[in-house]
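Residue numbers (this note's numbering): 496 to 965.
All clues given are correct.
Capping the alpha-carbon separation at 27 angstroms, the derived lysine-lysine pairs in BS3-like fashion look like this:
# : residue 1 : residue 2
1 : 825       : 586
2 : 855       : 926
3 : 885       : 855
4 : 894       : 926
5 : 885       : 586
6 : 894       : 855
7 : 885       : 926
I should point out that these hints are in silico values taken from the structure, not numbers from a laboratory.
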Amino acid sequence: GIGGDDGEQLVFAQAFSWGYQIRNPPLVTWLLIAVQVGLGPTVASIVVLRGLVLGCIFLLTYLITDQLCRDRRLAALATGSLLIIFYLGWKVIHGFTHTAAVTAFYLLALYLTLRIWEAPSRPLLTALGFTLGLGLLAKYIFLLFAIALILAALSIPSLRVRIISPWLFVGFAISLLFVIPQGQWLMAHVPDNHLVRGEGNLSLLENLSRTGNSIFRLLIGVIGFLLPLWFFIAVIFWPALRDPPALDESAAERIRLFSRLYAVLVALAVITIIIVQSDRPRSHYMFILVPLVPIFFFRYGLAFQTNQIQRYAAVISTASVVLIGSLIGKFFIEPLVCHHCEDHIPYDDFARQLRETGFKGGTIFAYFQYDPLAGNLKVRFPDSRVVSAKHPNVIAPLKPPPAQCLLIWPLVGVPEPNTATIRTGNESPLKLGLPQSTPWRRLTSSLLPYRDRRHELGYILLENGAGECR
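Start from the sequences, fold in the hints, and give me the full structure.
Below you can see the structure in the form of structure tokens.
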């Protein structure tokens, strides 16, 4: 089955909305809706969308490096280097869809800036303005990158005269047609004091200690995110790092742009930590470091020797083989060691059993701990409306005629999942109105691929529906 993040997107994509959850903006969901016009609510639609986003990341990395270095070998090495970043080579394959999307916007904004610096044009300036606005709808952290890029660009005289243009504002104004309605939705749904997580009764010393701890974790996160890339770079390209090549004035200006970009980002990150008082910088935020890859090859690539390039290319090739082998091995090895094994739940068999018990279609209300039931059931019952108990207010319009209501939950996660599901459904806009003692039944199947372990779901099937669940 698919994971939690992808399952959420399949549930959200049942209908267009200016927002679905306050944690992430809706652009990825909108893109999935577009993909599903041709593919329907399928696993293939998720795979295609992720493939397109990752393809953009790799392509833009290549284009940026080639734009800077004018060397296709270095551009290819920089692109392959992304496979050696654990989060890009492995994690993004299984999730992080919003984060991957905003990473593509980081790279696109940087690429357009470099193109404008070299040869400004109305289409490029309009595209950059549009990108700086629309990137907010990929992930809200893009705001920090946009501010940092603008400030860094304005600090370079030769770039400033090219980038200040009415066409930049035209592109940004067009993006506001999407950004403003989404912002209005967000303001209407965000709880009071949602962003500020600090405790008002902490002393100044305690607040300083908490801030210092957050900054330290941020530093550790930066180092960890780039693993094992920086290790191989340090080992193979140490001579170039120790004695970097000289730069002409044009190259030096571009390095100043990148240096100021990340200096502003560091300052904004510290300010954000102080204001928000977050003590757990998340790995999602570290994807803002991905543009450092082409920047590194631009700064040091001229000093690389042929044998070093060959060794590094061998590392990339080996990483590619290891990643493919790991994906295959995961299917067979993970069931031997995993505790819950959510990726191996036999949803097809559970769907077959539900049909045999009489479920024909209608509304499915699915609990979420610990199985991503809602999204996986949407794949198996594409004509039914699916509501996740994790997001009970995200409800697609009812498809006539009224039909059955199915409540379903995994028999793990909470002590009494049946009552938790009923309670959540009663409190949701579906207004089920079911007593906690409503009888329920059990489904049992074997985990794939070895079928030596059992997995169970509980369910209630209401032939005539309940409340708005029908």
